[in-house]
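Colleague: Here is what each chain is made of, one letter per residue.
Number of protein chains: 2
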Amino acid sequence: MKKIRIVVDAMGGDLAPLNDVAGAIIAAEEKPSTLEIILCGDENKIEEEMRRHKVRLGNIEIVHAPESVTMEDSPTESLRSKPNSSLSVGLKLVREKNAEAFVSAGNTGAVMTAATLKLGRLEGVGRPTIGSQFPTDRGTTMVFDVGASVDCKAQHLLEFATMGSIYMKNIYSIESPRVALLSVGEEKTKGDNLTLEAHELLSASALNFTGNVEGRDILNGKADIVVCDGFVGNVILKFAESVLELLKSKFRNYASQGFFKKLWVGMMYGTLKNVILKDFDYQEYGGVPLLGVNGVVIIGHGKSSPIAIKNMIYKAEEMVVKDVNGKISRELERKENVN
Amino acid sequence: MKKIRIVVDAMGGDLAPLNDVAGAIIAAEEKPSTLEIILCGDENKIEEEMRRHKVRLGNIEIVHAPESVTMEDSPTESLRSKPNSSLSVGLKLVREKNAEAFVSAGNTGAVMTAATLKLGRLEGVGRPTIGSQFPTDRGTTMVFDVGASVDCKAQHLLEFATMGSIYMKNIYSIESPRVALLSVGEEKTKGDNLTLEAHELLSASALNFTGNVEGRDILNGKADIVVCDGFVGNVILKFAESVLELLKSKFRNYASQGFFKKLWVGMMYGTLKNVILKDFDYQEYGGVPLLGVNGVVIIGHGKSSPIAIKNMIYKAEEMVVKDVNGKISRELERKENVN
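Here the protein sequences line up with chains A and B, keeping their order. When you line the first sequence up against this note's numbering, it's residues 1 to 339, in that order. When you line the second sequence up against this note's numbering, it's residues 1001 to 1339, in that order.
I should point out that these hints are in silico values taken from the structure, not numbers from a laboratory. Check the hints yourself; a few may be wrong.
[Claimed, not checked] List time: in silico BS3-like cross-link candidates among lysine-lysine, alpha-carbon distance up to 30 angstroms:
no., chain 1, residue 1, chain 2, residue 2
1, B, LYS1031, B, LYS1327
2, A, LYS262, B, LYS1002
3, B, LYS1262, A, LYS248
4, A, LYS82, A, LYS45
5, A, LYS82, A, LYS31
6, A, LYS261, B, LYS1262
7, B, LYS1273, A, LYS262
8, B, LYS1222, A, LYS238
9, B, LYS1273, A, LYS261
10, A, LYS238, B, LYS1031
11, B, LYS1082, A, LYS273
12, B, LYS1248, A, LYS262
13, B, LYS1248, A, LYS238
14, B, LYS1238, A, LYS153
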């Protein structure tokens, strides 16, 4: 069997190349017969990290890229000013079929922009989209788009729903994912111009569309997929991440009020971590997919741990094995032909 | 000194008229010389509640309204089909200057629609807006609009910012409230068409505009006021409320896993309530203002406790005393004349 070749952006994320290399090593060690990892980035730094781990793995290759895009770089600007970044070089490997997938814990906007430009869009896709998992009582709900794809048309929301459905069916084994439209009321007459129009398109589609949901329904598992304009999705995702920060800081403040309070928070910590923090901790999920580009791309949080990087690699592998992009492409092409 | 007359919608909220009457009684008892409360709703039910409390207060009056708008009623439909609702009758008292303010824990959409139609808009206001408080590390941030005022124009966002600034200056004693624009990036070039345009209007205004903020900044106290389209604000508000529900349900699940876990959650409960739940518990705030209509209107959560109702009455009183609407009106009229 041919191994699946996955590029890991070794310069992506706040702790690059530390966690990227560590995660790649775990994946390469766990799946020596199916995976081949290409670490793309500053050769010297990557080799230094590899030496620290004292491993020699036949299925890890290094491809040198002298530049790296930082978290602060402007997505479009960095693409032009840093042509030899790990991002550009790594995506080129995918475009030229030297690898099947690309994973990065780097600057989300830059990965999205670079991937869209370098790999191009899949046939029938107007706009690529990033989906993000939200924890619910019953499992996971994915919101599309959270990648700041703003001023969407209703047609884009329909595409997000279609791509999201294929992704969830294949990756989460949900036979007919329930798709909902995010709005300000459950009735189909509630919403702004975009949602009113999208409601009609979604209703007329072959998707398992269950109607409108409100902001409160994202975390209650009413739907497997919630679609919205990328402005709204991005604001909610960032708001959700900040809830965890606020909770942590509230506990820190409480603990700082005295010895016994500190002791008490320490005693509660394990439970709090298990009950609350775990599900809200976005790195646990191991990356989110960028759907609609001509190649498998997984984007992770800047703070991704080695385990998160490993999970991102496995998610990319699964997307390749299950041919998610091929299925998206066939579905959207078919629709184009119908129209 | 003339007493301030405040109408309390006795039929508003999930437990009406129970909490509405109880809250009105607390306010009337605490401020016998400055407040006069008009309980508007089903006379028999209100009197029955009053009897249960065994109080006779000279500053509580009952105005009969035989119908009541439920939480499920459609805002526009109910206005037409229930002309004698506590909402319509109560607002009429304000319109005809028989009272200075109206507070309700009823159907938010219905209160907003009815108030806008019955009281009319203040001079210079294109759209009324509802603001909601969010807890931050440093205090409170108010988001305008959360009242589902969708498909806003940039001019509306500027109005929200102006009204919000006057409200916060007067009610929260913040001399020059920091106004931020919600977007998907901090740079002024980031956002959708609406935010790009609103950024320019806000920059050119005399407001203390501090630029764009992201979803994560709502809870970190970077700004006193965050403005956005009512679609986004409404989705975030409802999402935020649901976080509390998810946390509660997670703790319940954990507690149900066995005797010792139950005991342990019970032991932690007091701290959790103080550290987390309190700030996220929206009823604590005692209502949010509907700004831009020609009268003081405070809207509360359907689950408002008697204390929350009392706080709503006091907030309404403060808005009357500080002449917030007069100040809004003069500020927006002045702008209209400049244009």
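Colleague: If you draw a straight line from the CA of LYS1238 of chain B to the CA of LYS153 of chain A, is it 30 angstroms or shorter?
Modeller: Measuring from Cα to Cα gives roughly 24 angstroms; hence the hint holds.
Colleague: If you draw a straight line from the CA of LYS261 of chain A to the CA of LYS1262 of chain B, is it 30 angstroms or shorter?
Modeller: At roughly 21 angstroms apart (the allowed maximum being 30 angstroms), LYS1262 of chain B and LYS261 of chain A satisfy the hint.
Colleague: Quick one, are LYS1262 of chain B and LYS248 of chain A close enough, alpha carbons at most 30 angstroms?
Modeller: It holds: about 23 angstroms lies between the C-alpha atoms, which stays within 30 angstroms.
Colleague: Would you check the hint for LYS1082 of chain B and LYS273 of chain A, treating anything up to 30 angstroms between C-alpha atoms as holding?
Modeller: Cα-Cα ~50 angstroms, so violated.
Colleague: Mind checking the alpha carbons of LYS1248 of chain B and LYS262 of chain A for me, to see if they're no more than 30 angstroms apart?
Modeller: holds (23 angstroms)
Colleague: Holds or violated: are the alpha carbons of LYS1273 of chain B and LYS262 of chain A at most 30 angstroms from each other?
Modeller: Holds, because 17 angstroms separates the two Cα atoms, which is no more than 30 angstroms.
Colleague: LYS238 of chain A and LYS1031 of chain B were given as a pair; does the straight-line alpha-carbon distance stay at or below 30 angstroms?
Modeller: violated (43 angstroms)
Colleague: CA of LYS1273 of chain B to CA of LYS261 of chain A, is that 30 angstroms or under?
Modeller: holds (14 angstroms)
Colleague: Measure nothing beyond the straight line between the CA atoms of LYS82 of chain A and LYS45 of chain A; if it is 30 angstroms or shorter, mark the hint as holding.
Modeller: With a Cα-Cα distance of about 18 angstroms, the restraint between LYS82 of chain A and LYS45 of chain A holds, given a limit of 30 angstroms.
Colleague: Compare the distance between the alpha carbons of LYS1031 of chain B and LYS1327 of chain B with 30 angstroms, and conclude whether the hinted pair is satisfied.
Modeller: Holds, at roughly 25 angstroms.
Colleague: Are the Cα positions of LYS262 of chain A and LYS1002 of chain B separated by 30 angstroms at most?
Modeller: Given that 30 angstroms is the threshold and the Cα spacing comes to 52 angstroms, the pair is violated.
Colleague: Straight-line Cα separation of LYS1248 of chain B and LYS238 of chain A no greater than 30 angstroms?
Modeller: holds (22 angstroms)
The earlier numbered hints that this structure contradicts are 2, 5, 10, 11.
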